[in-house]
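I would like the entire structure built from these sequences, with the hints used as guidance.
Here the protein sequences line up with chains A and B, keeping their order. All residue numbers for the first sequence refer to our numbering, where the first residue is 1 and numbers rise by one. All residue numbers for the second sequence refer to our numbering, where the first residue is 1 and numbers rise by one.
To be clear, the hints were calculated from the coordinates, so they are not data collected in a lab. Any given hint could turn out to be false.
Straight-line alpha carbon distances no greater than 27 Å define the calculated DSS-like cross-link-like pairs of lysine-lysine that follow [what the hints assert, rightly or not]:
no. : chain 1 : residue 1 : chain 2 : residue 2
1   : B       : Lys133    : B       : Lys96
2   : A       : Lys96     : A       : Lys133
3   : B       : Lys206    : A       : Lys96
4   : A       : Lys206    : B       : Lys133
5   : B       : Lys206    : A       : Lys206
FRET-style restraints, in silico, Cβ to Cβ [stated by the list, open to error]:
no. : chain 1 : residue 1 : chain 2 : residue 2 : range
6   : B       : Asp246    : A       : Asp152    : 28 to 36 Å
7   : B       : Asp358    : A       : Pro153    : 38 to 46 Å
8   : B       : Asp39     : A       : Thr92     : 30 to 38 Å
9   : B       : Asp129    : A       : Glu131    : 54 to 62 Å
10  : A       : Thr92     : B       : Pro319    : 36 to 44 Å
11  : A       : Ala295    : B       : Ala85     : 32 to 40 Å
Positions of the beta carbon are idealized from the N, C-alpha and C atoms, including for glycine.
Spelled out from the first residue to the last, the chains are:
Number of protein chains: 2
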Amino acid sequence: MIADFLAKLPPEVRDRLPDKLPGVRDRVHSTESVTYAFDLNTLDYFFSILLSFQTYGGSEVGESFTVASRIDETDLDTWESEWQALAERVETRANKCLNDGHEVSAAEHYFRAYTYRRASVGLCDPQSDSEFKTGYERGRECFNTAVDCVDDPIDRVAIPFENAELPGYFLPAEGTAEQTKTLVMLGGGDTFVEDTYFMIAPAARKRDYNLLLVDLPGQGILPDEGLTFRPDAERPFGAVLDWLTDRPEVDPTRLGAFGVSFGGYLVPRAAAHDDRINACVANSIILDFADVWLANNAQWLARLEDTPVMDLLPRIARPDLRLVLELMDQYMWRFGADSIEELLAVSEEFTIDPSAIDCPTLLISGEQEYEDHEVFGPWQDEALSAIDHPDADLEVLPTDLGASSHMGAGNLTLMNQIVFDWLDDVLA
Amino acid sequence: MIADFLAKLPPEVRDRLPDKLPGVRDRVHSTESVTYAFDLNTLDYFFSILLSFQTYGGSEVGESFTVASRIDETDLDTWESEWQALAERVETRANKCLNDGHEVSAAEHYFRAYTYRRASVGLCDPQSDSEFKTGYERGRECFNTAVDCVDDPIDRVAIPFENAELPGYFLPAEGTAEQTKTLVMLGGGDTFVEDTYFMIAPAARKRDYNLLLVDLPGQGILPDEGLTFRPDAERPFGAVLDWLTDRPEVDPTRLGAFGVSFGGYLVPRAAAHDDRINACVANSIILDFADVWLANNAQWLARLEDTPVMDLLPRIARPDLRLVLELMDQYMWRFGADSIEELLAVSEEFTIDPSAIDCPTLLISGEQEYEDHEVFGPWQDEALSAIDHPDADLEVLPTDLGASSHMGAGNLTLMNQIVFDWLDDVLA
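Here it is, written out as structure tokens:
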């Protein structure tokens, strides 16, 4: 049927079809060395991140696999409905714990109610599907109730930037009255600030770091307020540093910044322009963002945009291509682009000159990403030799520790061991 | 070939073959509602426990699935070798962290080096395979190095009992100078005391309980010293209580005991005989242990014991039956039985009269175990109505939270929410 359809296309349209299916994230965001539960690489990758969050209280493996067993990969709506249903079950239990006065248990369940709710909106189009925002906000409410329930201080913060505020959480180091080491952690191109809690927060606390989690423009729900990704990440990051260096807990001479995924652009870009960053960690570094689209063949989608194929694609495409299309909607929203063509065009402005980075810098890359990916691998090598500081290191996360894919998903304990042990030495 | 072999058996032997393959643990210890990585139920169940340990620092999902992908279920030796290899990789990294002075990271990796090493010996015959003991001891060394690296106090203890000592770990509640609530936690029929750390320790600490983890005779490595399981679990448990009530941190009026798996026999049995236990939790209660063997058709193996089939079975059996045979070796060792027949005979002495339990008691059972199992389900109901205290409760761990199998494996956060919220109320 699709073949029939394609045969009827005018030649000038048919000729634009690629030999190979584009996968916006397929090759980077995959867990090719291991399969957890899904045939679709991207779903399995998202799932692996959620499984990884268990280390920091963000999931339970029985809950996650129960949902996975109920998701039909040929019907992506079940991804949303099943995570949603789990979020509701866990939230119900959290409410009961809270009503009964069991705050520790309530917090543990509210935290997971957040991650599951947030997973449920992971494939939504932020502009056409109101569930994206309402689902996220419902999850954030759970997260904040958890924050209120835990003993350890977690301060909700709003960092002034231009005419807006960047939402974040500041977790002061415990057990020290003095100014101490501080880390700012940024997520990526499709994260909310609350997600980053489950990537790092308990690890930072155990090691007596102040930790700031924050969304820059483009991240979290900020595009809804018109704050989309901007190439000059050093501007909003500068506002973050202004705010941070005013905190009494923060030793401004021992200030690190760490970015994962698209945070691998944001953080090094800021470090290249702002010398208040004393240590820069990128997992992994992105030097020229437009190349990610090219490597993933996304220009094919751009070329089809003005053809009738594009209207039909959501209905006729294979699940993996449908998934790509849904994620493109998110990226367009986050980059303030009205079309894929525009997304690719604005992406060209997101570049870093690694020779402008002159602080200690650690690059981290999953073995599979580093060895196999046509742009991520070479970027690490290029940056490593260009960075203008003797303390420039690369750590490749090994496949045999289950951390070979993008961001080292699958082994957050390992990721944070590498990050903090390096920071301990550099910020000593 | 097996059919040929069976055809040549003398009729009196062939007639003893069952219609249905016995599975010592197949139906109880299974994750039928969810499959994680293995076709063999028992392996998948063991795997699910290890995955669950991630909540408390006992595994990382990427590491676990990498190993699973390398295990060949038709060659059970690969179970041992692959977990062993992972344990070594993680231990190597732990050593490096320690040498470099990064104690937090070292502890995190030593803890996992323990669980992976311990997983590697999970199918060994303790009597014929020296790796059982040496592998465990190597793992325990890692565990103890981790204990030395963490800030929170974890005291290694040796509790005098008759002419021996019961090994354990005492984790005093923090932040209180007064006597406070205390929980004793026991594992099951094939656990080591260190395993129980990953089931509960951080959960108890967060809730300001003193926690004692200890092996009773039959558990851990104690059978190696001749201390096998004994029906009068109240005797060794009494020694534990003697020791515990001498500790300055322990409020003897707020003392709970919790057992999982075969601990569901040990703890309620002690509670039925020793009124120093103020609250009893069993996940789930075992009233007549011999029935577990009958429910699993193990008497078939006993009947074959004196026939030539038994010698051949290890070589000809299907992997699931081979697995059963290997586990029977462990149970014989732990129960001090020289044959399966003897194991079944001594098991008959392990009975509890639930009407003798007169303290608040919580029974917990996975939904699948409770609904489907021919003895576990009925035992919970029988005990619930017989227990001589108004605070007798049953909590069924729901399938849709991934906790339906034996012990609620798959969702330890849920298990501990239920345990501690109940204890909070009862020991208030």
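Numbered hints the structure breaks, given as an ascending list: Checked against the structure, the only hint that fails is number 4, while the rest are satisfied.
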